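From just these sequences and the hints, can you work out the full model?
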Amino acid sequence: MTADVLTQLAQFASLAAEPEGLLPARQQMALSLGWHIILSCFGVAFPAMILVLHLRGIRRDDAVALGLAQRWAKVSAVLFAIGAVSGTVLSFEMGLLWPGLMGRFGDVLGLPFAFEGLSFFIEAIFLGIYLYGWGRMPPKQHVLMLVPMTVAGVVGTFCVVSVNAWMNAPTGFRIVDGEVVDVQPWRAMFNDLALLQFAHMWIAAYMVVGFSLAGVYAVGMLRGRRDAHHRLGFIVPFVFATLAALVQPVVGHLLGGDLGDRQPAKLAAFELAETTESPSPLRIGGIYVDGEVHGAIDIPYLGSLLAQNSFTEPVQGLDTIPPENHPPINITHWAFQTMVGIGTLLALAVLLFWLARWRGHDLLERRWFLRFCALAGPLAVLAVEAGWVATEVGRQPWVVYDVLRTEDAATDRSGLWWLLGGTVVLYAAMTVAAVLVLRSMARRWRAGEADLPSPYAPHTGEENPR
Amino acid sequence: MTVELAVAAALFIGVVAYAVLGGADFGSGFFDLTAGRDLRGAEVRTLVDHSIGPVWEANHVWLIFVLVTWWTGFPETFAAAMSTLFVPLLLALLGIVLRGASFAFRKYSATLGQARLFGVLFATSSILTPFFLGTVAGGIASGRVPAEGYGDLWSSWLNPTSLFGGVIAVGTCAFLAGTFLTADARRAGRERLAEQLRVRSLVVGLATGAVVFAALVPITRDAPTLSEGLTGRAAPLIIVSALAGVATLALLVRRRYASARLTAVAAVGAVVSGWGVGQYPWLLVDEVTITEAAGAPATLRALLVAVALAAVLVLPALAYLFRLTQSEAWSRH
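If you read the protein sequences in the order shown, they are chains A and B.
Per this note's numbering, residue 24 is the first one in the first sequence, and the count goes up by one each step.
Per this note's numbering, residue 61 is the first one in the second sequence, and the count goes up by one each step.
Just so you know, the hints here were simulated from the structure itself, not pulled from any lab data.
Fair warning: there could be bad hints in the mix.
[To be verified] Using C-beta positions, here's what the derived DEER-type ranges look like:
1) B:Leu172 with A:Thr454: 21 to 29 Å
2) B:Asp98 with A:Thr454: 26 to 34 Å
3) A:Val174 with B:Ser319: 36 to 44 Å
4) A:Asp474 with B:Gly96: 35 to 43 Å
5) B:Arg252 with A:Asp385: 53 to 61 Å
This structure is a prediction, so every number in the text was calculated from the model and none was measured.
Think of the CB as a built atom: it goes at the ideal place given N, C-alpha and C, for glycine as much as any other residue.
Listed below in structure tokens is the structure:
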């Protein structure tokens, strides 16, 4: 009893010792990263899908495919612009919010960012050429501009995710008397987790973009627009999404494979393991209060099987981990299960679609399936957000796992709540503006306008063929 | 040349490239804002769209290159500068976000009303961003970023060097943009527009020159280390910059727009290089030298690999982009 009170007091004391900037800095980072991640998915996966359509358009002289490619290119112009600036926000925030991380570990974690900068260069350069090349370059040369963009998407994803993987599995340095020494930047970049975590995010990007785009055309079909334009606009991204959704559970499982050894507190939070049970159950739902789980549905054995690939090996319980090293447990658990739940649902849905098609049924004739497809994009976005919450919140209280606590990385500057408030307003306004502009583009296209001339230019005959 | 000096040089080449290329994009905001109301301004705004549309994102990446090279190569000074120049960096960031987003939104606006709103945001943020980045440069160059960070939140950027730095940054950006837009207008066959832009560029050039003269004495007093470098080691660069600036004005007067672009780039490139050479060997003036600031040697060597890759992969691609966009065929709208 006394011990219990003492730990609670210790916890309270550590809370009080937190710098006042810690919580707003974390919220600020979560908001700007969560917003940017959606756009970066488009940066990564959109060029490949445009490439498929554009190639088809050229090879088969398919006007529908070419028209779609041209529209998507214009949509990508808007999305890439706001993606570029929201990515810049993150670069600034690395220093503005986390000087304790960047000052001490900048030369350990920084190298992948340098390569990411190169891929961003390539992507931005060829995007500029591609967007303005319509009608100005030979078509066969023009379509090739998408290839470096697609490749840059792969490299860029690897580099950024590699840094995050390093935060989960830090390596490539030693700490002697509090000093960071023996820095090996390549080892840090190619850390043990980098490849799998990259694959998980890269595939997720294809799911987000594939399901989102397919959903747009599913809505069109629900409204009775069932022309070749809508069928092609649906099926190309849906094929990408299918492949991604089917591979993702495997990659996710492999990524989580040795989590119990690497980050036991995160795994315990994922699985809501309040004590070490052998075999551990799979605990669906539920809430953790004062060391006890309430309201969960337990499926015996499945926890050990999924998390440890074993019928008996337990998930280490939270009671074995000092409370000051616990992540926020309920958020982590629910975020993880949201991600897994949605991922499973989407994988089953695409499986159902292709099975039905194989048996001669076209689910695109069914309104319930089209409605589901309209929701699949937002669901995929939710899954990505939940996945990032699960891995980031699950790593707390560490920013560099087991090396640097988040509170020691945060800035000492005050007034961060005001900054967060301003950022919320700004990002809300940007979201509204982006939605308004994209919807108005779609409306004008439906009304038969092919080019969308700048409204401030006087309409004259000589003006602007593209 | 030591490895940290090589990385610092690469970093500073990034700063110069961003100042020239990114600067020209930001500067177009000035001409957009002063283009006049709707119909009268439409021609300039369409030209601005067309001129910076294909290149601004690529030019923007130079800033990212600078940031990542800085924090990877010289991490502690990066943290010190970010924690000290907190306010102007946030304001510059706000400007960067508003500029990029509203530029894209304006291009695809459905109505004139929307285009006006996004246009005003685009143009004002294009002017404010270089101002705040200029104050950041001034804060570093006048020795106001302490090695351990968390320098004064306000006086670190509200000081003579910073404020003049900000105004000069706005002026040079606008001057660069003016020469490019004038040349673009002629290439597109719009002589009347070129004429109008030519006059404005001349005014901007003269005004910027006047500010630079006015700034000489206050900056000499406020930033002695920098001034010593500027009048000593960096003096040739400053002279080149002044001559190139005057040459640009003369070329604009004589309507030699294609050559004026080159001298304008030389003028801005030389003065920014002059700042770098002038404050050498300091990274944070009077506080930390490049050698003291250097991160782990293995990381610096790895960064040089990244820089070499950039030279091989990015520069040719960038040259291709510029060749296309500055060609006759792409200039017709």
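Hint-by-hint comparison with the structure:
1. About 23 Å separates the C-beta atoms of Leu172 (chain B) and Thr454 (chain A), a value consistent with the hinted range of 21 to 29 Å.
2. The hint said 26 to 34 Å for the Cβ distance between Asp98 (chain B) and Thr454 (chain A), and at roughly 28 Å that hint holds.
3. Evaluation of the 36 to 44 Å hint for Val174 (chain A) and Ser319 (chain B) yields a pass: the beta carbon distance comes to about 38 Å.
4. Restraint check, Asp474 (chain A) to Gly96 (chain B): a C-beta distance of roughly 25 Å breaks the suggested window 35 to 43 Å.
5. Between Arg252 (chain B) and Asp385 (chain A) the C-beta distance comes to about 59 Å, which sits within the given range of 53 to 61 Å.
Figure legend: structure checked against the earlier numbered hints; the only hint not met is number 4.
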